[in-house]
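Asks: The lines below spell out each chain.
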Amino acid sequence: MTAPLPGATDPALIRNFGIIAHIDHGKSTLADRMLQLTGVVDERTMRSQYLDRMDIERERGITIKSQAVRLPWTVDGVTHVLNLIDTPGHVDFTYEVSRSLAACEGAVLLVDAAQGIEAQTLANLYLALEADLRIIPVLNKIDLPGARPEKQAAELAHVIGCEVADVLQVSAKTGVGVIQLLDQIVRLVPPPAGDAAAPARALIFDSVYDSYRGVVTYVRVKDGQLAQRDRILMMSTKATHEVLEVGVIAPEPAKEAALGVGEVGYLITGVKDVRQSRVGDTVTLAARPAQAPLSGYRHPHPMVYTGLFPIDGHDFPLLREALEKLQLNDAALVFEPETSAALGFGFRIGCLGLLHMDIVRERLRREFGLDLISTAPNVVYKVVLEGGAEHIVTNPSEFPSGKVAAIYEPVVKASILTPAEFIGPLMELCQSRRGRQTGMEYLSEDRVELHYVLPLAEIVFDFFDALKSRTKGYASLDYEEAGTQAAELVKVDILLNGETVDAFSAVVHKDKAYNYGVAVAQKLRRLIPRQQFEVPIQAAIGSRVIARETIRAVRKDVLAKCYGGDITRKRKLLEKQKEGKRRMKMVGRVEVPPEAFVAALSTAVEADQK
Amino acid sequence: MDKTRGPDPLDDLLTPQLVDSRRDAPLSVYLHLPWCRRRCGYCDFNTYVHEPDPAYLVALKAELTAAAQRLGPRRVSTVFCGGGTPTLLPAQELAGLLAHIARVFDLDPAAEITTEANPETLDPVYLRELRQAGFNRLSLGMQSATPHVLAVLDRQHTPGRAVAAVAWARQAGFTNVSLDLIYGAPGESASDWGASLATALAAAPDHISAYALTVEPGTPLAARLARDHIPGPQEDDLADKYLAADAAFERAGLGWYELSNWARVAPGQSPPPKACCHNLAYWHSQDWWGAGAGAHSHIAGVRWWNRRHPGAYASGPPAQAGEILSPQQRRVERVLLELRLASGLDPARLTAAEQARLPGFTARGLLVATDQALVLTPAGRLLADAVVRDLLDA
Numbered sequence: 059m060t061a062p063l064p065g066a067t068d069p070a071l072i073r074n075f076g077i078i079a080h081i082d083h084g085k086s087t088l089a090d091r092m093l094q095l096t097g098v099v100d101e102r103t104m105r106s107q108y109l110d111r112m113d114i115e116r117e118r119g120i121t122i123k124s125q126a127v128r129l130p131w132t133v134d135g136v137t138h139v140l141n142l143i144d145t146p147g148h149v150d151f152t153y154e155v156s157r158s159l160a161a162c163e164g165a166v167l168l169v170d171a172a173q174g175i176e177a178q179t180l181a182n183l184y185l186a187l188e189a190d191l192r193i194i195p196v197l198n199k200i201d202l203p204g205a206r207p208e209k210q211a212a213e214l215a216h217v218i219g220c221e222v223a224d225v226l227q228v229s230a231k232t233g234v235g236v237i238q239l240l241d242q243i244v245r246l247v248p249p250p251a252g253d254a255a256a257p258a259r260a261l262i263f264d265s266v267y268d269s270y271r272g273v274v275t276y277v278r279v280k281d282g283q284l285a286q287r288d289r290i291l292m293m294s295t296k297a298t299h300e301v302l303e304v305g306v307i308a309p310e311p312a313k314e315a316a317l318g319v320g321e322v323g324y325l326i327t328g329v330k331d332v333r334q335s336r337v338g339d340t341v342t343l344a345a346r347p348a349q350a351p352l353s354g355y356r357h358p359h360p361m362v363y364t365g366l367f368p369i370d371g372h373d374f375p376l377l378r379e380a381l382e383k384l385q386l387n388d389a390a391l392v393f394e395p396e397t398s399a400a401l402g403f404g405f406r407i408g409c410l411g412l413l414h415m416d417i418v419r420e421r422l423r424r425e426f427g428l429d430l431i432s433t434a435p436n437v438v439y440k441v442v443l444e445g446g447a448e449h450i451v452t453n454p455s456e457f458p459s460g461k462v463a464a465i466y467e468p469v470v471k472a473s474i475l476t477p478a479e480f481i482g483p484l485m486e487l488c489q490s491r492r493g494r495q496t497g498m499e500y501l502s503e504d505r506v507e508l509h510y511v512l513p514l515a516e517i518v519f520d521f522f523d524a525l526k527s528r529t530k531g532y533a534s535l536d537y538e539e540a541g542t543q544a545a546e547l548v549k550v551d552i553l554l555n556g557e558t559v560d561a562f563s564a565v566v567h568k569d570k571a572y573n574y575g576v577a578v579a580q581k582l583r584r585l586i587p588r589q590q591f592e593v594p595i596q597a598a599i600g601s602r603v604i605a606r607e608t609i610r611a612v613r614k615d616v617l618a619k620c621y622g623g624d625i626t627r628k629r630k631l632l633e634k635q636k637e638g639k640r641r642m643k644m645v646g647r648v649e650v651p652p653e654a655f656v657a658a659l660s661t662a663v664e665a666d667q668k
Numbered sequence: 051m052d053k054t055r056g057p058d059p060l061d062d063l064l065t066p067q068l069v070d071s072r073r074d075a076p077l078s079v080y081l082h083l084p085w086c087r088r089r090c091g092y093c094d095f096n097t098y099v100h101e102p103d104p105a106y107l108v109a110l111k112a113e114l115t116a117a118a119q120r121l122g123p124r125r126v127s128t129v130f131c132g133g134g135t136p137t138l139l140p141a142q143e144l145a146g147l148l149a150h151i152a153r154v155f156d157l158d159p160a161a162e163i164t165t166e167a168n169p170e171t172l173d174p175v176y177l178r179e180l181r182q183a184g185f186n187r188l189s190l191g192m193q194s195a196t197p198h199v200l201a202v203l204d205r206q207h208t209p210g211r212a213v214a215a216v217a218w219a220r221q222a223g224f225t226n227v228s229l230d231l232i233y234g235a236p237g238e239s240a241s242d243w244g245a246s247l248a249t250a251l252a253a254a255p256d257h258i259s260a261y262a263l264t265v266e267p268g269t270p271l272a273a274r275l276a277r278d279h280i281p282g283p284q285e286d287d288l289a290d291k292y293l294a295a296d297a298a299f300e301r302a303g304l305g306w307y308e309l310s311n312w313a314r315v316a317p318g319q320s321p322p323p324k325a326c327c328h329n330l331a332y333w334h335s336q337d338w339w340g341a342g343a344g345a346h347s348h349i350a351g352v353r354w355w356n357r358r359h360p361g362a363y364a365s366g367p368p369a370q371a372g373e374i375l376s377p378q379q380r381r382v383e384r385v386l387l388e389l390r391l392a393s394g395l396d397p398a399r400l401t402a403a404e405q406a407r408l409p410g411f412t413a414r415g416l417l418v419a420t421d422q423a424l425v426l427t428p429a430g431r432l433l434a435d436a437v438v439r440d441l442l443d444a
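First to last, the sequence lines map onto chains D and S. Sequential numbering from 59 applies to the first sequence in this note's numbering. Sequential numbering from 51 applies to the second sequence in this note's numbering.
Worth flagging that the hints you see were computed from the coordinates, not collected in a lab. All of these numbers come straight from a predicted model, not from anything done at the bench. Hints may be right or wrong, so weigh each one.
[Claimed, not checked] With a cut-off of at most 30 Å between alpha-carbon atoms, the simulated DSS-like pairs for lysine-lysine come out as follows: (1) S/K111 / D/K526; (2) D/K568 / D/K471; (3) S/K111 / D/K628; (4) D/K639 / D/K628; (5) D/K619 / D/K639.
Okay, chain D solo, but in the shape it has when bound (with noise of 0.2 Å):
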């Protein structure tokens, strides 16, 4: 029996579904072998982890960006189109996972046997329970020797509420159970639901930029149908764009006709920025247009900031060009000029969290070959003066002056699973973050999910990795955002001979001002080569100095031979030292060496929560 065509797919036999797992949990591997079971992908062109197409995600094994690709299955003798729907597994993500959930009926819970489930899979499981979606619980890495699948199985029919004998076990790496798997998709999700005589409406689950195709949108049709030649609208933002092309992933681009109802797949228009076509938004005609979007759109927003300046001056331009390209396929991404009297020309860039941060900042050095200082990451704080001004601040440094209010700064709801064991040393660490417990839920005999709200500050530093380390590697953490809290926030200045470095400039809890001062004014003590001139090292709050360390003047600078007759060395070995003068960031005569300012900034993080 053939497969059905795109376009002309009874809706009755598609399936739309996607994978829920936690990094490493073995989604990818399924993925991969499910692309080779339908016979999508042949042995010899089969790559490890297919799905995932940029070197950083294969690198830290996770996705960043969701594709969708068809797969044929025959159940009964008869031919059904899979559409495996992939979701980025991170935290910082969730709101791509919310809408590639969105596109689907189903979803399959993907849980390591050895390791059960972690607080981000078990947070988009709730948003899939939200969404409505048919739950698949699986045990993957049955295969392996740590496997404990009655254990985990027995925790996710707790979780989920269903029956143990309802959780599937299978290894993606060997392919065991994962025709089982691919057979029970097609039973239990149920068929997409949609009218076909309807004003189309597809979903925007994905939308990627490609250099030679421009943005390829990945749509979800809920009502009528897209086709080639079609002017589409874009529900939020009104642009209108004709169709070039439509078609379906399976897994390389085919070219079809059009897309129908339930029916997953591409559209290419020709724009060339991924902000022009929007992830949550809604696609209808032009000619015809629905009379109101599909809900959940979301219009993205930095929750974290970061300055971000070129080592060397003149990679500015660079830089520039480089941030404008990664736009184009990254609408959550903003970034705006900004100076600092220490670090130069740079620019203050807003990303969805830390790992969204790092991923920018790691492309950046790897795509575009740049060497950069990065400031220590900060939230947005609203600031309101008295007299009732109020300013939106996403750069310490432009915190305003004058007589504070109050002060509100970004606040999440946490979910951290852990082995019970550890509850006492979370429960300390939150508290020391300012976290509020809101909740203690067992999912089994010995793990706990703890409910916190907690500020973003005190997460966006190295919380997740002191989370790590006190739990042996075992708590996972998941939050979303909660609004904000009024806080006694105070900006800390750290001034190096008087003058204000506005790269360590910081928002912190006034009971954490001090500690953040002496930290950071150690660290640059020992960063910053001696001077000829003493030079204080201060921390102030306004005017008040909270801490101080000096470095001493330097007070030997020559070499005591000059090499008998080799006095090209000495010459040559001057010009290398005023060629090094030149590299200094120069903080009033203060002379700093770039890597000093880098260290610095890298390690601001630990010293800030000790």
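Add chain S to chain D, keeping to what the hints say.
Replies: Coordinates of chain S only, in the frame set by chain D:
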């Protein structure tokens, strides 16, 4: 000789006009004798643990002959045998080299003729032979009077040996004897250094060179410190020891005339009469011919250097490569060298912009400026490289 190495760089560097313009200027001659009995851990000079090689001495004399042919019979005002350990050679070989210089050049009867010497290679007879051959200055590598410091430096002699060598040199008729000291070795305390200073001064030398230990990358010492996690010389310690040395020497009647060099003062004479004329020739950018493996030469802004390995050196034209200094490079070199001298830098060598920076240095007590000379203070000497960097335009 191997002629396949191509033309001699000196054919292009030393033009007849240049040579002719310098015919009346004094010339200094340096002889590099690269052998050592063993290698000191801190040393990164061009030295080899090897017996003196007769073929090398033949090549050395050939280079001197060729030098005289290129330059003409220039008057030689100083000769300096360095190494390595020149005194590993029998005295008559050193005498032979000196005689060769006298044969091919016009050796000034009043020339300062120095050899470096390792105390352990010396005895009274040897020193008498050197003196009779015409050597009149001895530079003894003492380094330290403290056994554990000598051990760190890999020096073999016992602390008393250098002092004994000074006495033998006096008996042999040397009236110009210098001691070399090194300070700042790991494990050297302030009182260790004080003891070395006292011991050196008690030997009543005419001249002392005191160098801060520099741990050069790639030396056995650098490897040893890294392996044993021993910190290298410490900035404050070096500064303190320099100032202690300067004070001790001045008290004993030895005045500084270059950053790391002190000589017995005589009223009204500057530099002091026993200052090393050969080194002063380097520091005043005068002409010198460095013969031997890896030696550097300079004639009126033309500089070249010989092949580094003794084998390579002895088997072809000695010069490896050279450079013609631009007027700006010559000026920079003069500034960085002359500022190290007690006679100071002529302010006229500086640009207007550079001169405008001078008050900054004098205000900080680093420099004393008169119309004739800019002279570093003791604090300024310790920061000489920084002063040069900050003083010079780009």
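Asks: Could you work out which of the previously given hints the structure breaks and list their numbers from low to high?
Replies: 1
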